[in-house]
Amino acid sequence: MDDSGFYDFKITEANVQAEWLEHRTFDVAEESSKPKFYCLAMFPYPSGRLHMGHVRTYTLGDVIARFKRLQGYNVMHPMGWDAFGLPAENAAIKNKVPPARWTMQNIEYMKTQLQSLGFSYDWGREFATCDPEYYRWEQWFFTRMFRKGLVYKKSAWVNWDPVDQTVLANEQVIDGRGWRSNALVERRELAQWFLKITDYAEELLAKLNHLPGWPEKIKIMQRNWIGRSKGLQIKFARLEGSAIDVYTTRPDTLMGVTYLAVAPQHPIAKEAAETNSVIAEFLTACNQVKMAEADIAKSEKKGMDTGIIVQHPITKEPLPVWVANFVLMEYGSGAVMSVPAHDQRDWEFARQYNLPVKQVIEPDKAGECDLDRSAFVEKGRCINSGQFDSLNFEEVFDAIADLLQSNGLGERQVNYRLRDWGVSRQRYWGCPIPIIHCDACGAVAVPDSDLPVSLPTEVEFDGVTSPIKRMPEWSKTICPSCGGPAERDTDTFDTFMESSWYYARFACNNLRNGMLDDRAKYWKSVDHYVGGEEHAILHLLYARFFHKVMRDQGLVDTDEPFENLLALGMVLQDGAKMSKSAGNAGDPQHLLDQYGADAVRMAMMFAAPPEQSFEWSEHNVESANRWLRSKLWRAVILHSSLGPVSTLDSSSLSESQRDMRRVAHETLLKVTDDYGKRLNFNTVVSGVMSLVNELQKFNDTSDQGRAVVDEALKIVVLVMSPITPHICKELWTKLGLGVIEDAEWLSIDQEALRKRVVNVIIQVNGRLRGKLEVEPGASKDDLILRAGELENVEKFLKDEKITRIIHVPDKLLNFVIA
RNA sequence: GCCGGGGUGGCGGAACUGGUAGACGCGCCGGAUUCAAAAUCCGGUUCCUUCACGGGAGUGUCGGUUCGAUUCCGACCCUCGGUACCA
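Per the numbering used here, the very first residue in the first sequence carries number 32; after that it's consecutive.
These are calculated hints, taken from the structure and not from any lab test.
Please note that a few of the clues may not be correct.
Unchecked claim - Below, simulated DSS-like cross-link-like pairs (lysine-lysine); rule was C-alpha separation at most 25 Å, straight line:
hint: 1; residue 1: K250; residue 2: K332
hint: 2; residue 1: K507; residue 2: K185
hint: 3; residue 1: K266; residue 2: K185
hint: 4; residue 1: K500; residue 2: K125
hint: 5; residue 1: K708; residue 2: K555
hint: 6; residue 1: K552; residue 2: K179
hint: 7; residue 1: K347; residue 2: K332
hint: 8; residue 1: K811; residue 2: K842
hint: 9; residue 1: K829; residue 2: K811
hint: 10; residue 1: K347; residue 2: K329
hint: 11; residue 1: K832; residue 2: K786
hint: 12; residue 1: K185; residue 2: K227
hint: 13; residue 1: K745; residue 2: K41
hint: 14; residue 1: K765; residue 2: K802
hint: 15; residue 1: K786; residue 2: K745
hint: 16; residue 1: K347; residue 2: K266
hint: 17; residue 1: K250; residue 2: K333
hint: 18; residue 1: K500; residue 2: K127
hint: 19; residue 1: K708; residue 2: K65
hint: 20; residue 1: K811; residue 2: K826
hint: 21; residue 1: K410; residue 2: K389
hint: 22; residue 1: K701; residue 2: K745
hint: 23; residue 1: K179; residue 2: K227
hint: 24; residue 1: K184; residue 2: K332
hint: 25; residue 1: K708; residue 2: K250
hint: 26; residue 1: K662; residue 2: K552
hint: 27; residue 1: K179; residue 2: K238
hint: 28; residue 1: K184; residue 2: K507
hint: 29; residue 1: K65; residue 2: K555
hint: 30; residue 1: K786; residue 2: K811
hint: 31; residue 1: K301; residue 2: K185
hint: 32; residue 1: K266; residue 2: K238
hint: 33; residue 1: K555; residue 2: K238
hint: 34; residue 1: K301; residue 2: K261
hint: 35; residue 1: K552; residue 2: K701
Claimed, not checked - The following label-pair restraints were derived from C-beta to C-beta distances:
hint: 36; residue 1: P640; residue 2: N790; range: 54 to 62 Å
hint: 37; residue 1: L777; residue 2: I837; range: 16 to 24 Å
hint: 38; residue 1: L843; residue 2: S330; range: 27 to 35 Å
hint: 39; residue 1: E62; residue 2: E202; range: 42 to 50 Å
hint: 40; residue 1: T346; residue 2: P298; range: 36 to 44 Å
For glycine and all other residues, C-beta sits at the position ideal for the given N, C-alpha and C.
Can you build the whole structure from these sequences, using the hints too?
Here's what the structure looks like:
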């Protein structure tokens with residue numbers, strides 16, 4: 032680190048990080064004259080070691096936080112741990128370590144890794160979600176929702192491993208078998224707690240339109256996920272027994288229904304199975320596919336006639352009821368009316384089982400409609416529909432809705448694809464559900480004074496049964512309502528619960544007597560949220576839901592948790608995402624040791640724009656390290672070794688000095704836009720590299736030449752500092768500019784941007800035929816004259832008739848010939 | 001299956017509003033420096049064609065709009081993410 036030449040990242044990075052820690056440089060408080068800026072990257076699951084996906088997320092978050100800090104904001108940039116989850120249980124089985132201990136060890140190690148990457152966190156705000164001081168407020172909040180009627184219990188299906196006698200996550204079911212036992216999984220029904228997220232469906236949908244800072248693609252995905260639709264709920268009566276309800280968005284095709292299809296889990300299917308062993312076998316087979324929509328949708332479509340007959344609500348004709356493996360019990364009422372002529376899936380099913388196809392819609396215009404080849408799924412006009420013939424979609428929708436409504440067989444309904452959020456997990460390593468079951472009083476919320484319901488941590492964990500399910504000393508308790516003997520709920524929460532409100536808790540992580548206080552109102556919503564695109568739906572939707580419930584509880588006073596969202600593409604390894612389950616591929620540690628944090632950060636930022644997925648290659652770290660020491664470091668050292676610099680006098684510069692200065696300010700303009708608006712940090716790096724290349728060529732050691740270099744280097748070091756903060760802090764000092772964390776972003780000199788000459792391209796029929804270097808603002812006529820003199824242009828215009836000449840000022844001249 | 005992305009040299013990517021395709025970096029090739037090496041520096045590098053100037057082709061595939069398309073439109077192929085118990 033001496034002025035004679037070499038840059039030793041090990042010494043500089045260690046010193047700089049020690050200084051940040053010692054001075055608590057990035058600690059932040061609420062009182063400030065500056066505007067607040069809350070920058071947050073999705074906190075990690077402490078899986079053991081960081082992988083390159085983490086490095087990408089946290090570097091991007093850090094770059095934004097540091098940039099905003101330089102722009103004069105009071106920046107909160109916290110970090111914590113999403114500490115509950117399945118991998119801890121898996122590790123506990125494998126290594127015979129209790130999940131809590133394994134988790135805390137991981138946190139300890141990963142924290143050192145984050146610190147060695149030089150992130151500007153306010154570590155005073157750190158917490159882990161497995162800390163009872165955190166999850167007690169989650170339990171408290173759940174009991175508020177419970178009281179408000181936002182919580183209910185119903186039975187729901189889970190993957191059941193019949194050998195290990197345990198519930199399996201979808202991830203743990205591989206090719207239909209339990210991952211450890213290899214047994215064929217079955218579905219089982221269990222009583223579980225649900226949160227009424229559907230009560231907020233309308234607002235969750237509507238408020239997407241008030242999130243201009245979110246990528247359009249994420250909003251589209253959420254809209255589709257919520258899946259609002261307008262349709263009819265229709266009753267198909269049976270001769271005996273209760274009617275079957277179906278929901279349809281296409282009542283215009285009601286006259287074309289030829290059968291009904293119900294889910295294998297539908298009561299009707301079960302009823303049919305009672306007297307028919309073949310159906311019973313079929314249902315068993317259907318229940319051996321795991322509980323994942325993708326698997327259900329991809330499996331071969333199969334069905335069976337249940338023998339049950341229903342009546343068409345208008346024609347009163349008898350219709351058979353089939354059970355079909357592709358009908359989802361969770362959506363709508365678990366039964367659908369099938370219109371093979373106008374629904375592709377029904378059409379395929381009808382062909383497969385020789386069910387009748389009845390066309391009731393014809394194309395409006397002379398369109399394509401060949402029912403021998405496929406269903407006609409577009410909207411059109413009714414035919415073969417009796418009284419509804421010739422009506423269009425809207426007309427028949429209303430006519431049928433009115434008719435069914437008047438005879439009590441149907442009603443208009445707005446439906447959502449979004450389902451209520453099942454939060455019960457039959458696992459150990461999670462937040463205990465604060466409910467007590469009493470034979471006399473039913474489910475009773477644990478009173479505030481008894482919170483938290485703590486999870487015992489020193490446990491024997493065999494991976495099959497959750498320890499708290501076989502610890503009567505833990506689960507046996509007294510009913511808070513009647514004082515009689517009662518039992519605790521031994522399920523734990525879905526870990527998405529913890530990550531649905533952690534961002535708010537960072538504002539007041541040390542609050543002992545409440546979930547949130549006024550500090551959460553000071554920090555308001557997260558200004559910039561950074562995280563992987565894989566969270567586009569579930570995590571982000573659940574957090575949006577929680578935020579609205581917290582708002583209605585008076586805990587926060589904004590409508591949305593995340594104002595701006597940066598949804599990062601995946602860091603791929605061998606074409607797939609890096610993850611805990613993939614064995615923590617891509618540990619950055621050896622790269623940090625060999626090339627340093629700045630090089631790792633820079634390589635990651637340079638590799639690709641944030642929203643794009645890319646295949647990680649370690650090689651770039653070496654070249655980043657090379658650039659930092661042999662280009663950046665050397666340029667500054669070379670410059671400062673020549674001694675003091677005089678003041679820049681922009682009016683007395685030579686042409687080449689003015690050009691050099693223009694490039695510097697153009698770069699500043701570009702990177703300011705890249706940082707602030709475009710969020711493309713790869714082009715920040717390439718822009719700075721270009722500028723440094725230009726500076727190297729410039730090589731002007733005159734008085735004003737050095738002043739130009741001095742200004743340019745100041746720009747280089749400051750704009751690189753969010754990405755490579757350690758070396759830039761050192762170089763900022765060497766340029767005699769003080770403490771870089773206290774610096775302000777530089778302003779652009781508009782005068783310096785003015786161009787002496789511009790390049791105008793000359794085209795013939797849109798093809799490049801020549802170039803002209805002219806003064807800015809050259810007229811079209813002038814350009815035509817000078818372009819005609821170019822030999823290569825003349826060659827193409829000779830003997831041709833020019834029909835048009837297109838002129839884009841200071842850019843292009845295009846001769847159009849016949 | 002469904003929803004949402006992506007596809008540009010040997011590789012990562014750039015081209016921001018329809019206007020010079022391939023910036024910047026890696027790799028590779030050639031050279032300088034060196035006793036030699038490392039490090040560093042200089043030059044070249046989409047493909048075909050040409051001694052050269054130049055010309056032709058080219059941004060997943062096919063088609064369309066336009067004076068001009070990586071950019072807009074249509075169809076298709078491949079690939080990645082999500083698909084409600086991985087987080």
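Which numbered hints turn out to be false for this structure?
Violated hints (numbers, rising): 1, 7, 10, 11, 14, 17, 24, 26, 32, 34, 35, 36, 37, 38 and 40; every other hint is consistent with the structure.
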